[in-house]
Amino acid sequence: MKRIISILLENESGALSRVVGLFAQRGYNIDTLTVAPTDDDTLSRLTLTTQGDDHMAEQIVKQLHKLIDTIKVVDLTVGPHIERELMLVKIKATDNGVRTELKSCVEIFRGHIIDVTPATYTVQLAGDSDKLDAFIEAVREMGIMEVVRSGVSGISRGDKFLRV
Amino acid sequence: MELLSGGDIVIRALKDAGVKNVWGYPGGAALHIYDALYRQDDVYHLLVRHEQAAVHAADGFSRATGEVGTALVTSGPGATNAITGIATAYMDSIPLVVISGQVPLTKIGQDAFQETDMVGVSRPIVKHSFLVTRAEDIAETIAKAYYIASTGRPGPVVVDIPKDVTDPSHKVPYIYPREVKMRSYQPTDKGHRGQIKRAVKILIGAKRPIIYAGGGVVIDNASEQLIALAKALNYPVTNTLMGLGCYPGTDPQYLGMLGMHGTFEANSAMHHADVIFAIGARFDDRVTNDLDKFCPHATIIHVDVDPTSVSKNIEAHIPIVGTCTSVLEEMLAINKDLDIKPDTDAIAEWWTQLDQWRADKGIYTASRYEESSGSCIKPQDVIKMLYKVTNGEAIVTSDVGQHQMFAAQYYLFDKPRTWINSGGLGTMGFGLPAAMGCQLAFPDKDVACVTGEGSIQMNIQELSTCSQHKLPVKIINLNNAALGMVRQWQDMNYSSRYSESVYEDSLPDFVKLAEAYGHVGMKITHIDELETKMRECFAMKDRVVFMDIDIDRSEHVYPMQRPGGSMNDLWLNKTEST
Chain A
1 MKRIISILLE NESGALSRVV GLFAQRGYNI DTLTVAPTDD DTLSRLTLTT
51 QGDDHMAEQI VKQLHKLIDT IKVVDLTVGP HIERELMLVK IKATDNGVRT
101 ELKSCVEIFR GHIIDVTPAT YTVQLAGDSD KLDAFIEAVR EMGIMEVVRS
151 GVSGISRGDK FLRV
Chain B
1 MELLSGGDIV IRALKDAGVK NVWGYPGGAA LHIYDALYRQ DDVYHLLVRH
51 EQAAVHAADG FSRATGEVGT ALVTSGPGAT NAITGIATAY MDSIPLVVIS
101 GQVPLTKIGQ DAFQETDMVG VSRPIVKHSF LVTRAEDIAE TIAKAYYIAS
151 TGRPGPVVVD IPKDVTDPSH KVPYIYPREV KMRSYQPTDK GHRGQIKRAV
201 KILIGAKRPI IYAGGGVVID NASEQLIALA KALNYPVTNT LMGLGCYPGT
251 DPQYLGMLGM HGTFEANSAM HHADVIFAIG ARFDDRVTND LDKFCPHATI
301 IHVDVDPTSV SKNIEAHIPI VGTCTSVLEE MLAINKDLDI KPDTDAIAEW
351 WTQLDQWRAD KGIYTASRYE ESSGSCIKPQ DVIKMLYKVT NGEAIVTSDV
401 GQHQMFAAQY YLFDKPRTWI NSGGLGTMGF GLPAAMGCQL AFPDKDVACV
451 TGEGSIQMNI QELSTCSQHK LPVKIINLNN AALGMVRQWQ DMNYSSRYSE
501 SVYEDSLPDF VKLAEAYGHV GMKITHIDEL ETKMRECFAM KDRVVFMDID
551 IDRSEHVYPM QRPGGSMNDL WLNKTEST
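Residue numbers (my numbering), protein chains in the order written: chain A, 1 to 164; chain B, 1 to 578.
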């Protein structure tokens, strides 16, 4: 099953490569990865998604925690959580019919058209990964030129939070 | 405040970290540090002949003493040569600090002369690593390195220092931190009390228990507590290859080593046990054999300081994360307070069974191999003779292969930190430099390196280091003119097609070779001269002696687990199996 793992780590050089290296070394796959400093710029928040059963997820979390630079690690998938991913899609839009259809599709998915040229529309869309997948399927026929996805960011619902 | 250059700070910080000796090899990027070393007397440096040996020697020193070992190498090839040594220490959880010179910060990434991304290259085989970018950070980084290396599950830490950071003309204030605190690193010490109580109850309730103790007990100096618990309960104990010595090899409750070349009684006890108390061991594939057939009746209590080792290969019913010492002490206290006692009848019955296994097929109740005669010297008999001549009190290092297994089986280690071998990585070439580290730590003790003509040639240049630094180790070379363990597998699995495992007549004359280095060489070709010569060897307290012993070339190591079987599916000799 899909796992969303959230990590708080020291914002130091080499910290990210240790996380990524661990996955390669232990034979786990990373499906998506996002990382950026937090409000405290000595800390980075990293979210990654991977596939694995409970045993594997437990090992991954423990192995990540063993890295000296990691401060906290949680598997968000074990509790209620929110996931969001940002996607930018450039679509061929020369035909008026296509432009109209695309605009309504963007509206249905609650996206935004953020760049327009006579030949293209660039759409911005945020949501969980399934929603982004669905949008791609919906506009595929129109002629997708480029897709950029940020990878999943996640946060747990309710009172729980990840902080030092 | 005292102002020092980066190079001076490195050496001063080593001194303040309690380091007395460093093994290393100089080179361009490390020259400022080496110059600082020259101008002081607190830290003693031992020049090796290859950086791999520097790390193994520091590792051997650490294994023998429990202190953190230190190696110093230059950038590029110096750093990459150290890699095998670092990986060896990593696999066996040995605390080391390896300081590597690096090209100047301004040259990093330029493919400069002798540039290697040491932090990158070593990343999968270190506990942690640092690239120091300011002279002001050196002392704190070194303090952190020793703290990380020696706490929690120990391991090697690399500190990579660019040459310009050690520039003698750039002086900065020297401050060595009084204590190290890291918000991202807080190793577990004490185990969960409730879990420990449950574990004690299950252990006491066992009818066919076994204590399975590994290298963690050695590393955490928990032998005394382990012995106390085993004695209080009268339970049998088996040690892993890494754990040898943590429970006395001559004690009647000791069943011998377990695993691939473990004893029949230890492997059978594991297979039939109803409770396995695993402490400081990690259910390695060289122990368990086929995981699906592993110990089908057992409730497993697993104590380890590293949470990732618990339930990694085998699901633990009672997982306890904590140091071996603290958990054992707590167990002993709980055991005292509880009013339940082991079922003595069941335990007596279990001992009857264990003694039966020992008598039937154990390697300590009878010789399970054809004994030596004339010029046919059995390797097992050489190890037994080594045990006899050294009164079982030597520090024995080994390389990797058949000789390692024979030493593990037939030298009965009564004390921890006396059996020094590369268990996890299986590094040929480990034995001689590791022996140098042990001899440095214990100048008055007999240090024997049990090796083979294959392994010894992987770091034989260190015979020169032994001369320079007066390290009178004794080399027991079990010479069968072949890579014995490889050949054994080729016998068993490849119809004796000896692909690249025999040396034919290419071996050097080891006696002359030893003499060329200024040492004593001995050639043994007859069983009758073994004892006299070996006594002569160990009587030469201040000399390196190389005993080249021609052994039976056809001998195999038994018992040996049959691949794909359970723990007690064993070959007992070339024709017999369980």
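Keep in mind the hints are simulated off the structure, nothing from the lab. Don't take every hint at face value.
Computed footprint of chain A on chain B, listed as stretches where at least three residues anywhere in the stretch have a Cβ under 8 Å from a Cβ of chain A [stated by the list, open to error]:
#1 181-187
#2 301-311
#3 458-468
Just a sample of chain A residues kept apart from chain B, beta carbon distances all over 10 Å, derived [said to hold, decoys possible]:
#4 9
#5 13
#6 14
#7 21
#8 27
#9 58
#10 68
#11 69
#12 79
#13 128
#14 144
#15 153
#16 155
Under the rule of at most 25 Å between Cα atoms (straight-line distance), these lysine-lysine pairs were calculated in the PhoX-like manner [claimed, not checked]:
#17 B:384 x B:190
#18 B:574 x A:66
#19 A:62 x B:181
Only a predicted model underlies this, so the values are computations on that prediction, with no experimental measurement involved. By construction, the Cβ of each residue, glycine as well, lies at the ideal position given by its N, Cα and C atoms.
task: Of all the hints given earlier, name the ones this structure violates by number, lowest first.
output: 3, 4, 5, 6, 7, 9, 10, 11, 17 and 18
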